[in-house]
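Using the sequences and the accompanying hints, generate a full structural model.
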Amino acid sequence: MAEIGETATSIPVPAARSSERRRESILWLLTPRLIIGLTILLVMGGGSMILPVFAPVDPSFQGSYTRNLPPSFDHLLGTTALGQDIFWYLVYSIRNSLILGIVVAVGVTVIATTVGLSAGFVGGNFERFVMLIVDTIITIPLLPVLIILGALIRGNTSFLAVGFIIIIFGWAWDARTVRSMALSLREREFINMARFSGANTPQIILREVFPYVSAYILVGFINVILFAINTEAALAVIGLSKVEVPTLGSVIFWALNFNALFTGHYAWMIAPIVATVTLFLGLFLTSTGFNAAFATKRGVQ
Amino acid sequence: MGVVTFIAKRIALYFAVLFIGLSITFALPRFMPVNPIDGYIGELQSRASATIAPEGLAELRKSLEELYGLQGSVFEQYLAYMKRVVIDFDFGPSYTYFPHPVSSMLAEALPWTMGLLMTATVIAWCLGNTVGLVAGYFYKKRAASILEFVGILLYPIPYYILAISVLMIFAYIFPIFPLSATFPVGALTLDKAGTILFNSLLPGLALVLAGFGWNILSMKALAIATSEEPYVTFARLKGTTHRTRMIRYVFRNALLPQVTALALSLGVIFNGALLTEIIFSYPGIGLIMRQAASGGDYNVLYGAITVSIIAVATAGLLIDLAYPLLDPRIRHK
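Residue numbers (the numbering used here), protein chains in the order written: chain A, 21 to 321; chain B, 92 to 424.
Hints may contain errors.
Just the calculated beta-carbon pair ranges, DEER-fashion [unchecked claim]:
| hint | chain 1 | residue 1 | chain 2 | residue 2 | range |
| --- | --- | --- | --- | --- | --- |
| 1 | A | M69 | B | I98 | 52 to 60 Å |
| 2 | A | S234 | B | R101 | 27 to 35 Å |
| 3 | A | F282 | B | G147 | 41 to 49 Å |
| 4 | A | L226 | B | K232 | 42 to 50 Å |
| 5 | B | F166 | A | F149 | 16 to 24 Å |
| 6 | A | F74 | B | S195 | 55 to 63 Å |
| 7 | B | L347 | A | V73 | 32 to 40 Å |
| 8 | B | M205 | A | T298 | 45 to 53 Å |
| 9 | A | L203 | B | K232 | 33 to 41 Å |
| 10 | A | M69 | B | T335 | 54 to 62 Å |
Below, in silico cross-link-like pairs of lysine to aspartate or glutamate (EDC-like), each with a Cα-Cα straight-line distance of 20 Å or less [to be verified]:
| hint | chain 1 | residue 1 | chain 2 | residue 2 |
| --- | --- | --- | --- | --- |
| 11 | B | K232 | B | E319 |
| 12 | B | K100 | A | D155 |
| 13 | B | K174 | B | E157 |
| 14 | B | K283 | B | E199 |
| 15 | B | K231 | B | E320 |
| 16 | B | K100 | A | E207 |
A few chain A residues facing chain B, derived, Cβ under 10 Å [stated by the list, open to error]:
| hint | residue |
| --- | --- |
| 17 | F141 |
| 18 | V142 |
| 19 | L162 |
| 20 | L169 |
| 21 | T251 |
| 22 | V257 |
| 23 | G259 |
| 24 | V263 |
| 25 | I272 |
| 26 | L281 |
| 27 | H285 |
| 28 | G302 |
Since the hints were derived computationally from the structure, they do not count as laboratory data.
Since we're looking at a predicted model, the values are computed, not measured.
Every residue, glycine too, gets a C-beta built ideally from N, C-alpha and C.
Printed below as a string of structure tokens:
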């Protein structure tokens, strides 16, 4: 009897989504991996958004302080060869990189979800055409494109324009994932049920499919933040982004440019590396943590 | 019949991808708000402190437009561009190394890029998949989670950080390798080949580390899922050894999605290779692009991106064409 009772309760009943059940499932989400990831993100994200209010000067201005100071109480990580406080420069860098990442992630998620869901559900020639474009964009290596655009624009652009370019060439991967999800969803019972009840395709996508894929979209969102920060930083390290704006890449660009290691300026080089690795680990743990938790909730694993 | 349809479809996709890719390359600079010729002329003017006569400027502009293929309507330019790239494989002369043709510059650089890239990718793929397979097959053991931990630590590190850290550790803290490596050109002697090989180890290591983490994580997830399949249980009940089950049952099936993933991620891997070349000053396509970007050498840039697209698309095609050899389901459909 007990066995029957157990199987009966383990059948997911969508109607029984009381607030109590939801609270329970949110606690379920908190695996150790996710807790570590979220803590890193909260500390670094919150810190970089709030701290700039207390910054004595905007660190992107050069020559505010004496050059090449060693770490001290006044300058926690010392100053650069351009007379900027490394600690504050780093805080601004993390903030700018995160903002860029979030802006790109919003753009990419909107485009990828729209394109992917519509391709999966409309099907036919439309799907074939869309997938051809998607496959092409995936095949085109992004870095050469960005190098060309960087050379053409030659710094005559705003920092967010770099983000815009990353959106244009970055949505294809996610669109592919969303579409393959849509393909598997298309055959499910509850979609047929909605269709037979008279719902049209936009309604089905919005009301039936979207709630189902939203967990994946969240995971994808975090992954795009990673991708965007990484891409801009890589471009900045080789000097082809807007290097005057402090980002996680431009810090390293200037440190390399002034041979920070040879002049014994370890903090300038190592601090951004540590900050980048920590931030990326935080983002990665959060995204895989969410993914695993959602999978457990759906009963996949 | 299944294989023929599969190959025909894949080759059609290849040409479509190339066509669209080349069209985007053509359109890219034309959608930009800046005109490289204006920039170039402006630079010349300021260098000559505005002493060039207007007639001279007009003539200069005309010859530059001719050189860049910017004459006639956009459609005519497009046809001329496609003809030049596809049939003649001609990208015009380089500006910085005038009149050295771009195509020969790229032909010199391509073997460097491909050699480093292919060696590193093959090593990273084999190593990562082996570690991932073991970690996934024995996922209940403690050692497996340590292997996975390596993957989790390595994978999210951005590539440029990996490359710079490798350079810092092995060339600065432990000065085993030279900080700025030299790659001798010209006829290959045994001595030179040794130097090239030695100096390629560091960029190769960075690339291997980058590909390694992802392969571990992805293969581990696949191997766990596959080892729960009924046919693996059946094989266990039949009395096969761990070794047989791991290699012939789990690996054989988990291999297929990994091959597909490799084909799809070629573009990303290629990006990594370009960054490596720039950071380690390794004389491939990436270094040429970086130098061309700072020198405003647009012919070289367009040549390099075209070659990049063709290289990545062709490599993807070759991997996909090898797929029926690995997956009997396509062969026997």
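Taking the hints in turn, this is what the structure says about them:
no., hint, in the structure
1, A:M69 / B:I98: 52 to 60 Å, "53 Å, holds"
2, A:S234 / B:R101: 27 to 35 Å, "34 Å, holds"
3, A:F282 / B:G147: 41 to 49 Å, "46 Å, holds"
4, A:L226 / B:K232: 42 to 50 Å, "46 Å, holds"
5, B:F166 / A:F149: 16 to 24 Å, "22 Å, holds"
6, A:F74 / B:S195: 55 to 63 Å, "57 Å, holds"
7, B:L347 / A:V73: 32 to 40 Å, "53 Å, violated"
8, B:M205 / A:T298: 45 to 53 Å, "35 Å, violated"
9, A:L203 / B:K232: 33 to 41 Å, "36 Å, holds"
10, A:M69 / B:T335: 54 to 62 Å, "55 Å, holds"
11, B:K232 / B:E319, "16 Å, holds"
12, B:K100 / A:D155, "13 Å, holds"
13, B:K174 / B:E157, "15 Å, holds"
14, B:K283 / B:E199, "17 Å, holds"
15, B:K231 / B:E320, "16 Å, holds"
16, B:K100 / A:E207, "25 Å, violated"
17, F141, "22 Å, violated"
18, V142, "20 Å, violated"
19, L162, "6 Å, holds"
20, L169, "7 Å, holds"
21, T251, "9 Å, holds"
22, V257, "5 Å, holds"
23, G259, "8 Å, holds"
24, V263, "13 Å, violated"
25, I272, "7 Å, holds"
26, L281, "6 Å, holds"
27, H285, "13 Å, violated"
28, G302, "9 Å, holds"
Figure legend: structure checked against the earlier numbered hints; hints not met, in rising order: 7, 8, 16, 17, 18, 24, 27.
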